Every structure is written in C-alpha cells, then in structure tokens.
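Once you have looked at the hints, place chain B on chain A.
2 protein chains.
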Amino acid sequence: MQAACRCRPASGSDIVAVTGPEIERLIALLAKLPGLGPRSARRAVLQLIKKKETLLVPLAAAMGDAAEKARICSTCGNVDTQDPCAICTDATRDPAVLCVVEEVGDLWALERAGAHKGRYHVLGGVLSALDGVGPDDLNIGKLVERLSSGEVKEIVLAMNATVDGQTTAHYITDRVSGLGIAVSRLAHGVPVGGELDYLDDGTLAAAMKSRRPF
Amino acid sequence: MQAACRCRPASGSDIVAVTGPEIERLIALLAKLPGLGPRSARRAVLQLIKKKETLLVPLAAAMGDAAEKARICSTCGNVDTQDPCAICTDATRDPAVLCVVEEVGDLWALERAGAHKGRYHVLGGVLSALDGVGPDDLNIGKLVERLSSGEVKEIVLAMNATVDGQTTAHYITDRVSGLGIAVSRLAHGVPVGGELDYLDDGTLAAAMKSRRPF
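Protein chains in written order, with the numbering used here: chain A, 714 to 927; chain B, 714 to 927.
There could be a bad hint or two in this list.
The list cannot tell twin chains apart, which means a pair is met if one copy fits it or any two copies do.
Claimed, not checked - Below, a list of computed lysine to aspartate or glutamate pairs in the DMTMM-like style, where the Cα atoms sit at most 20 Å apart: (1) K765 with D778; (2) K763 with D850; (3) K866 with D887; (4) K763 with D796; (5) K745 with E766; (6) K855 with D819; (7) K855 with E816; (8) K922 with D910; (9) K764 with E781; (10) K830 with E816; (11) K763 with D819; (12) K765 with E781; (13) K764 with E816; (14) K763 with E735; (15) K763 with D844; (16) K866 with D803.
Hints were generated in silico from the structure; no laboratory data involved. It should be emphasised that the depicted structure is a prediction, and the values quoted were computed from it without experimental measurement.
One chain only, chain A, in its complex shape (with noise of 0.2 Å):
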C-alpha cells in the first residue's frame, strides 16, 4: 500500500496579495534573500514597518548607499568602498604572503579571525566539471600576473576543504610551479573546541597524520 501524502495541503499561500503592493513587493524581494524565505520576509517586513524610523528608512538609505559605493577590488576581487580595497592599500600589511579563497565571505572570515597579515586574492568560486566551470571562468590569470611580478614569496591556498575546493588547489598549484614561489595550503585537524567522538574519519586521520610535538 503506497503511503498517504504527509505534506500539507496546497494553499497557494505565497502568491496570494492580503496588502498594498508597494508592501508586498518589499516582501519578494527580501524573500530572495539567502535564510528568507516567503514566510520569514513577511515577518521581516511588518517588524520593518513596526520600526519605520529606527529600522526601514535607515535600511534603505543604508542600501542606497552600498548599492551606490560598493567596489569589487579589481586587484583582489574584495568588496570594499573602495578600489583598491582597504587590505590592498594598507602598507602594514605583508606583500610576500598572499592567501588565496574561493569567495569574499571567505576572505572576511579570515579576517575577523585575524589569522592572516599578508594579502588576499578571491578565486570567485571552484573549478567544477559538474557545473561547468573551468579555470577562464575564475581569477586564476589575474592570480598568475599578480604572481609574476616578484614580489609574492608564498601564496597559501586556503579553498574549502571539499573535492572541487582541493581539485582548485591542485590545478593552482600546477600553474604556479615554475615560478619559484611556495605553495602552502590551510591545516587539517581537529576544530579548536571540537570533541573527538563527534569528528569523522578523514579529519580523525588528518590529525594524527599531522600531530605535532607537545
């Protein structure tokens, strides 16, 4: 016997227009927001107009804003205000020592971690046969150029620790050979914090591969 249907019934309940078409096309345009959904952008919206003037008129000032001053950083592929972006320009900062991420987000992690002094290079995502996406459609020439001018000693390769992030990290490390420069990548181990009972096999090997002296 084939089992019932447990979802609920169709209802149409995200199309359906119940205010003025100014609110609710505030409210598609939040839900494509990535973590908003139809449902959360509606609650967002009321919460929005509850707080007109501490919270919906600043926001969309502060959006206009962005929109209007927001920079990709043509030498690192960051966003900034700025282009150059503030890590390019800043002299405190080591020129010998380039880390290279798959996206911005990543960048930013890295640098509310404090864990990196030298500069950046944003790849724009993966090298992905699945998805088509070969090394023209990334920011590996501009890497390659930044790279040739001599002053980069070592590029750290800090790609997610996924099978394309590493295929990345290989095919960069093959463009770059020649160059004299040291190739490095992130460590695997156990998360600082992290429980050994919960970790899986791969990261468990890694760090008794990789353990260091006490």
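Positioned in the frame of chain A, the structure of chain B alone reads:
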C-alpha cells in the same frame, strides 16, 4: 572534575570591521531583522552586492517606497498602503462578522488561507501580567467602540492558543458581554495533514471532545 567549556573561543568575530563603513552599516542593520543574525546578514550583503542591479538597487527602492506608503489602518490596525485598509473598504466583505487577532501577521495568515470573509480587528498584542501589558496597551477600546455601532453581530476570537492569548480572549468576552454580540473562537483539533501520534495530549483531548458527525 568540572567539565571543560565546549563553546568556541570568544573572538569578537561579529564586531571586527572587515570592509567599508557603508557596507558594515548595511550588515549591522540587516542583522536586526528577525531570522537573520550577523553571519547570515554578511552572506545576504555579499549576495546583494553580487546582484547589485537586479536585487540591491530594486530592494533599496522598494524599502523607500514602503517607508513612504505603508500605513496602519486607523479602523482595524492592519498594515496596508491605504487608510482605511483594503479590507475595511471592501464592500463585498460581510461587516457583521469581525475576526479579532493578536498581530497583523495573524490577519495576513487568515487572509492567505481565505478563511474569513468578514472584517478584522488587530489588538497589537495580548494581555500579559509578566510583560506588564494591560488592556490600555492594546487596541481594545477601539474594538468596543466598533462593536457599539451595532453593525457587528458576531466576533470570532482568533487569539493564539497560549495562556496569554486565552486570557485576552476571556477578557474581551467579558468586555463585550451585554452588547448582544455573539462571541465565537477558532476550533481546537487535529491540524489538517497532522498525525495523531505526534500531537500533544491537550489537542487530542480537545479534538475528541469537539468530535463531529461524519
């Protein structure tokens, strides 16, 4: 022996500015929306900047529009772009049945479900001794005023099935007794699509008590 703290080391990660002030300000404001925190706000902002022309610019305009046009209906408390709202001015709706809800979100949910063909009244909250919310903090005076006009023959109390919601329902029942108006409430029972095994005892008991001829 005391258990070691398992939380991540405090890194102050959400207050370190890693990009331009206009973008940081947008992140800080977006993080105030319900359903978004500092991290998801960062992800959302990167998405917005990536899709500047198709998402960020229209969203800024939609927010400006909504800020300018959103109104609280002075009759029922609904949020719309006109006052009185589209529901209060809709002549095809039955003015004799008034559905009383806690919040505008509840009104919108009932509208999406197409569950009510009369008009609404939004209280703007519930009575709560703990939170110090009394009858004067809610839109109850206006409700009694609307009921006194004689047009309304029945009110449907559609409060949440919480202690505060039910307290509020009882209070309103007391206030309107003597006006000759029928007072009903939403049915309690098994949610459509729900499985008995996963329902709480109170709901099952209510569903059994209110059983209907089949």
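Intra/inter-copy verdict for K866 and D887 if alpha-carbon distance must be at most 20 Å: Within. Shortest intra-copy distance 16 Å satisfies the 20 Å Cα cut-off; inter-copy 80 Å does not.
Copy assignment of K763 with D819, given that the CA separation must stay at most 20 Å: between (35 Å within a copy, 15 Å between copies)
With identical chains, the pair K922 and D910 could be close in the same copy or across copies; at 20 Å between alpha carbons, which is it: within, between, both, or neither? within (18 Å within a copy, 49 Å between copies)
Status of D844 relative to K763 across identical chains (alpha carbons, at most 20 Å): Between copies, since 19 Å is at most 20 Å while 43 Å is not.
Evaluate K764 and E816 at a C-alpha cut-off of 20 Å and name the case that applies: within, between, both or neither. Close across copies (15 Å), not inside one copy (34 Å); limit 20 Å.
Using 20 Å as the alpha carbon limit, work out where K765 and D778 are close: within a copy, between copies, both or neither. This pair counts as both: shortest intra-copy Cα distance 18 Å, inter-copy 12 Å.
Homo-oligomer pair classification [D819, K855; C-alpha up to 20 Å]: Only inside one copy: K855 and D819 sit 19 Å apart there, 53 Å across copies, limit 20 Å.
Intra- versus inter-subunit Cα pairing at 20 Å for K866 with D803: within (18 Å within a copy, 72 Å between copies)
Homo-oligomer pair classification [E781, K765; C-alpha up to 20 Å]: between (23 Å within a copy, 9 Å between copies)
Cα distance capped at 20 Å. Does K763 pair with D850 within a copy, between copies, both, or neither? Classified as between: cross-chain Cα gap 15 Å, same-chain 44 Å, threshold 20 Å.
As a check of your reading, is K855 near E816 (CA-CA no more than 20 Å) within one copy, between copies, both or neither? Within one copy only: 15 Å inside, 54 Å across.
From the Cα coordinates, with 20 Å as the cut-off, is the pair K764 and E781 best called within, between, both, or neither? between (25 Å within a copy, 13 Å between copies)
Consistency with the previously given hints is maintained throughout, with no hint failing.
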